[in-house]
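Engineer: Each chain, letter by letter, is given below.
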Amino acid sequence: MDSPPLPPPILIIEAVEKQFRRGTETLHILQGIDLQVRRGEFVALMGPSGSGKTTLLNLIGGLDRPSRGRVAIDDQRIDQLSDRRLAAWRARHVGFVFQLYNLLPVLTADRNVELPLLLTSLNKARRRQQVALALRVVGLTDRARHYPRQLSGGEQQRVGIARAIVTDPTLLLCDEPTGDLDRKSGDDILDLLQALNRDHGKTIIMVTHDPHASARATRTIYLNKGQLSATAVA
Amino acid sequence: MLRHTLNWLAQTGSVTRLSLETIIERKGACATSVFGIAGVVAVFVAVLSIAQGFRHVMTRSGDPTKAIILRSGSDTEMMSFFSGPESRLIADAPGVAHSAAGPLASRELFVVINLPKRSTGTDANVPLRGVSPNAFEVHDRLRIQQGRPFVPGRNEVIVGIGAAREFVGLDLGASIRVGRNDWTIVGLFTAEGGLAESEIWTDATMLQSAYQRGNSYQTVVVKLTSPQVFPAFQHALENDPRFQVKALLQTDYYIDQSRTVYNLITGLGTLIAALMAVGAVFGALNTMYTAVAARTREIATLRALGFGSSPVVVSILLESLLLALLGGLLGSAIAYWVFDGFRAATMNWQSFSQVAFAFRVTPSLLIQGILCATLIGLIGGLLPALRAARLPVARALREL
Numbered sequence: 001m002d003s004p005p006l007p008p009p010i011l012i013i014e015a016v017e018k019q020f021r022r023g024t025e026t027l028h029i030l031q032g033i034d035l036q037v038r039r040g041e042f043v044a045l046m047g048p049s050g051s052g053k054t055t056l057l058n059l060i061g062g063l064d065r066p067s068r069g070r071v072a073i074d075d076q077r078i079d080q081l082s083d084r085r086l087a088a089w090r091a092r093h094v095g096f097v098f099q100l101y102n103l104l105p106v107l108t109a110d111r112n113v114e115l116p117l118l119l120t121s122l123n124k125a126r127r128r129q130q131v132a133l134a135l136r137v138v139g140l141t142d143r144a145r146h147y148p149r150q151l152s153g154g155e156q157q158r159v160g161i162a163r164a165i166v167t168d169p170t171l172l173l174c175d176e177p178t179g180d181l182d183r184k185s186g187d188d189i190l191d192l193l194q195a196l197n198r199d200h201g202k203t204i205i206m207v208t209h210d211p212h213a214s215a216r217a218t219r220t221i222y223l224n225k226g227q228l229s230a231t232a233v234a
Numbered sequence: 001m002l003r004h005t006l007n008w009l010a011q012t013g014s015v016t017r018l019s020l021e022t023i024i025e026r027k028g029a030c031a032t033s034v035f036g037i038a039g040v041v042a043v044f045v046a047v048l049s050i051a052q053g054f055r056h057v058m059t060r061s062g063d064p065t066k067a068i069i070l071r072s073g074s075d076t077e078m079m080s081f082f083s084g085p086e087s088r089l090i091a092d093a094p095g096v097a098h099s100a101a102g103p104l105a106s107r108e109l110f111v112v113i114n115l116p117k118r119s120t121g122t123d124a125n126v127p128l129r130g131v132s133p134n135a136f137e138v139h140d141r142l143r144i145q146q147g148r149p150f151v152p153g154r155n156e157v158i159v160g161i162g163a164a165r166e167f168v169g170l171d172l173g174a175s176i177r178v179g180r181n182d183w184t185i186v187g188l189f190t191a192e193g194g195l196a197e198s199e200i201w202t203d204a205t206m207l208q209s210a211y212q213r214g215n216s217y218q219t220v221v222v223k224l225t226s227p228q229v230f231p232a233f234q235h236a237l238e239n240d241p242r243f244q245v246k247a248l249l250q251t252d253y254y255i256d257q258s259r260t261v262y263n264l265i266t267g268l269g270t271l272i273a274a275l276m277a278v279g280a281v282f283g284a285l286n287t288m289y290t291a292v293a294a295r296t297r298e299i300a301t302l303r304a305l306g307f308g309s310s311p312v313v314v315s316i317l318l319e320s321l322l323l324a325l326l327g328g329l330l331g332s333a334i335a336y337w338v339f340d341g342f343r344a345a346t347m348n349w350q351s352f353s354q355v356a357f358a359f360r361v362t363p364s365l366l367i368q369g370i371l372c373a374t375l376i377g378l379i380g381g382l383l384p385a386l387r388a389a390r391l392p393v394a395r396a397l398r399e400l
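Going down the list, the sequences are from chains A and B. The first sequence: position 106 = 106 (my numbering), numbered continuously. The second sequence: position 177 = 177 (my numbering), numbered continuously.
Quick caveat, the hints were computed from the structure, so don't treat them as lab data. Every residue, glycine too, gets a C-beta built ideally from N, C-alpha and C. Any given hint might turn out to be false.
As the list claims (entries may be wrong) - Short derived list, chain B residues pointing at chain A, Cβ under 10 Å:
#1 Asn7
#2 Thr22
#3 Gly84
#4 Glu86
#5 Arg88
#6 Leu89
#7 Ser99
#8 Gly102
#9 Ala300
#10 Ala304
#11 Phe307
#12 Gly308
#13 Leu371
Between the sequences and the hints, there should be enough to build the whole structure, so can you do that?
Structural biologist: Okay, structure coming up:
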């Protein structure tokens, strides 16, 4: 029996290098990275500190550009877009989940979630619907009117995830999403991410150095000294 | 294109609202900036209101139907001189209005006496003007507020209310010593806020004898039949071979008289305000840099979510402008409440005598003050805004 055909890659990275200059010294953060991620995958990106995990995630998310090589998402190269186009591209295609949640303290949970929708042409009523849906998905409907300071770390991260999925982006990029949480809350967040991947078909790339977290992914990629060293499929 | 613009406006609106909502969390720094700018604007408006008040008195004094005649070559009354017969000929020039008693011309003498100021107790120069008996018909804005006019031929004076307010001993019924005689103050007068209110008036012939001036005058002030006859009047006088005189419309004469002081005060005021403004710009810069630093991760988050950098720049500029505007309004309000109508007297360098006036905080000064604040806000906000926009998102996201 043939296995069902694999979905096409949603992310293609070819020969990507990233260098930073520090004084007279050139730091090679990423070297010759080739990577493909298919639609519906949940990829964990692991590696020791300074191995270039976050740098790679930033390149994928269009927060930074590679020094060399190509980054294409959904058949569109993003490594050559102008700042303005890149910002517009991020708004449509990427949802970010940050280690420290990065919620705006002056906004209630629902208004934090609404932020990316302000960049769309949706009217207020539609935005409210979307926000309510996203909050329901992360199980925080009853906390919508709370400010971040009134929420626990785990709850804040759920708001962060709701914000990341509210526009239904192509890719969900998570940078150490459980790094600042206790084990229980971390597990809840991982459950949520897993459900988003499994039940909603979200493509997720998650940077982590926690094997417990990477165990939830469908595939784990290891980075070491700026190079991909191995891939393990769950 | 339209969609881009609308989208940009919407983004800018959202980001600006967010920055304004965080002001309360940064109230200390924001208040420093607002009060700093308020101080600059208050000083700026207050100093310029001195110049405005001074000029107001001088221009209020002028009347386009009056002309003042001086000896040619003299810029001020102090330096001018006419003999009695000359002054009579001047009064008969064409264009001078007449009453039943003759031409409406006041032949005047101008001396300066010393009196102590109420405010400091130090002596200052007070103008004492001798006028013709028909002076009240020529200077038709003069009103006796208390008492009565002086009687020609007696040692009596009337005092302008500005002078009465500024100097010691100029009360109704009191007497002052001028020359060798005591003169009784028989009336206080107003002149619709004009320069005459800073003066003491008496009968010219009495003053001539008190100062041993013989039959001489310094100026002639005439009332013209209409402002339109002035060119003909001026031409007739200035081309008359019997004397060398120059004729000026009273309005022009007073503007000319106020120029030195007005320019001096305006120049000084602007200089002081400019120096303070430099300080306020640094205050505003500091506030906005602090704001940007405190919000580095927030701004980076917004930009990661897809907000453009120009909405961020504009929002920071708008915030800075708003704070500056608040400062400007506060400063203007302070200047208005504290200084508008504040009474003072200063030396008029042309006549070497004191002019009493009130500070005038005019609407145009308030607008200038607010514009000055806006400029400070713009400069103070621009650099921090650009810094926020240039911050690499990937790095800024990691800042705590």
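Engineer: None of the hints should be skipped; say for each whether it holds.
Structural biologist: Evaluated hints:
1. Asn7: holds, 7 Å
2. Thr22: holds, 5 Å
3. Gly84: It is violated, given that the least Cβ distance between B:Gly84 and chain A is near 84 Å, above 10 Å.
4. Glu86: Not OK, violated: B:Glu86 not within 10 Å of chain A, min 82 Å.
5. Arg88: violated, 83 Å
6. Leu89: Check failed: Cβ of B:Leu89 comes no nearer than 83 Å to chain A, outside 10 Å.
7. Ser99: violated, 77 Å
8. Gly102: Violated. Min distance 82 Å.
9. Ala300: With Cβ-Cβ at 8 Å, under 10 Å, it holds.
10. Ala304: holds, 5 Å
11. Phe307: This interface hint holds because 7 Å falls under the 10 Å limit.
12. Gly308: Constraint on B:Gly308 satisfied, holds at 5 Å.
13. Leu371: violated, 31 Å
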